[in-house]
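Please build the complete structure, drawing on both the sequences and the hints.
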Amino acid sequence: MTRQDAFILSFRTVVSYRLRAILILLAMALGVAAVVVLTALGEGARRFVMNQFAALGTNLIIIIPGRSETAGGFIGALVGETPRDLTLDDAASLTALPGVRRFAPLNVGLSEISAGGLLREVTLAGSTASLIAIRRMRLAQGSFTADNGPNPAEAVLGAKIAHELFPQGNALGQRIRLGDRRFRVAGIFAMQGESMGINTDELVLIPIDHAQALFNTQSLFRIMVEAESRSAIEPTKKVIRAALKLRHDGEEDVTIIGQDAILATFDKILRALTLAVSGIAAISLAVAGILVMNVMLVAVSQRTTEIGLLKAIGATHTDIRNLFLLETLWLAVAGAVVGIILGYLGSLGLRLAYPQLPAYPPIWASLAAIATALVTGIAASILPASKAARLNPVLALSRR
Amino acid sequence: MIALTAISRIFTMGDQEVRALNNINLTIAPGAYVSVMGPSGSGKSTLLNLIGLLDQPTSGTYLLENIDVTSLSETDQARVRRERIGFIFQSFHLIPRLTAAENIELPLILDGIPSAERKKRVQAILQQTNLLERADHRPSELSGGQRQRVAIARATILNPAVLLADEPTGNLDHKTGAEVIALLENLHHQGTTIITVTHDREIGARAHRKIQMRDGEVVSDD
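So the protein sequences, as listed, match chains A and B.
One point on numbering: in numbering that gives the first Met the number 0, the residue at position 213 of the first sequence is 212, and numbering is uninterrupted.
One point on numbering: in numbering that gives the first Met the number 0, the residue at position 117 of the second sequence is 116, and numbering is uninterrupted.
Treat the hints with care, as some may be off.
What the hints assert, rightly or not - Computed footprint of chain B on chain A, listed as stretches where at least three residues anywhere in the stretch have a Cβ under 8 Å from a Cβ of chain B:
1) 1-15
2) 315-321
3) 386-397
Simulated from the structure, these hints should not be mistaken for laboratory data.
Predicted model, so just to flag it, every value in this text is computed and none were measured.
We treat Cβ as the ideally placed atom computed from N, Cα and C, and that holds for glycine.
Pasting the structure below:
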């Protein structure tokens, strides 16, 4: 039997058992679609988180005073064990370093804010104008021009703070009091909501020198640095480490974190999650495979006399095995194709329902789903097909 | 043409041995017209299956056209069945989802003959067997006689040397049975060796050589 004839003959058999074909195809298709949709969901979640990170600013390097050998070190560094402060002069020394596009020293603390008899507690950030560029913050009104200092006593209010203190919306230019110091409202942040735990709507930003005076400290909370490019992050980290070591009498007492390192960690976690989820979906494909095997075994016993007849008119073992293998192959291929279509439609539905979630199924997952469908389909048909090939023709033909 | 020497076929049923064929020696000349008769369980169907290479003897040798076919590989035996042997069954064994023409075409497909050539040969044999206007009907839409004619067309389309018929008229009424026998005898006149297993004395008597079997042995041969 030629290969072409085997393909045609097996295809016609598939088509002639319509209900059976549709049911198997559906089982296969649902398995494939499940893999595609679930990986799209996983990938969507990963991209969502990555986008959130990107909103923090790109090519970020964060310098934290103190050094700890453990991975979770910077929390400890936050609490204390700082042999030497990270100062504004340290920050200023970064200006000339290669690879550094801009940097912003940062102090963060809690303070009371009051204006016109209203009073509340706010998160207070002290920094320079560069912070706004580095962190991709947007001002709705006014401006913030602070540098390393000395600076005029000006503050930028989060949109929510501004609204609470000045409900009439005339916050710009007004006087406020932060702790025991007076500031003029120079700008108002645009509504941005929360991104990675920092809510600019409830933040107040003042120049770094005033923040240090307010918190009565010489030490910076951290320095945010923007490298010139993604590939510049690693060399720039080295340069900064060397420069600060030199300034700190040869002691390496700062922790430098690249944004890419954090990103890579999250990326890894979310990829693992996607893989796990798609693995679970692949189980449904395996179940479909067992269903196929079952149905094909039934088909072999239903068509026993037909197999006997084919042997009587001269079909070889190979012919009969191939016919049954191809029959399943057709079903698996059709199931995979329909499954991919369903999967992509499902992902489209997800994207329409949740526009923030970029749920695009990754190509590798689609290919893997197709491959799994074909492999399980063929694997599941080997047993029934060889059973058919081995049938004793005399017994097969004597059955009614 | 067919030479069986000391052929035995023993089935094991549980712990009991059944000798379906017991030391059969038989020679059938090319172009012969042979009937095999005998009661149920006499071994006549086993003999036919053995000649048709659907079954293997437990012992003995079988030469078909001077070739020891029992020692051939499975693939070669399949080729011999395809090209040298035609089978006709009591219950026709047509594939229900294929049309008459497609059922007849099957051996040609198995033999790897190109599609255009197949169509030509199928058309020719449909004409010979008077089935042209039934070509696109499925077996369920055919009468018993038509089904057996399709089966005969399928068995003979590759011009086999031997045509093996197992109760070819068993499911047919007398008139259509006679038509089928006439078709077989026509093939015999064209030189095909015909071996018919039957219960029907009248049909058995028409053969030129009549073999009687009982308990796996040939009891008369004339």
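Going through the hints against the structure:
1. 1-15: Our answer is that it holds, as 6 residues pass the Cβ test (under 8 Å) against chain B, meeting three.
2. 315-321: Check passed, 4 qualifying residues.
3. 386-397: Holds: 3 residues of the segment 386-397 of chain A have a Cβ under 8 Å from chain B.
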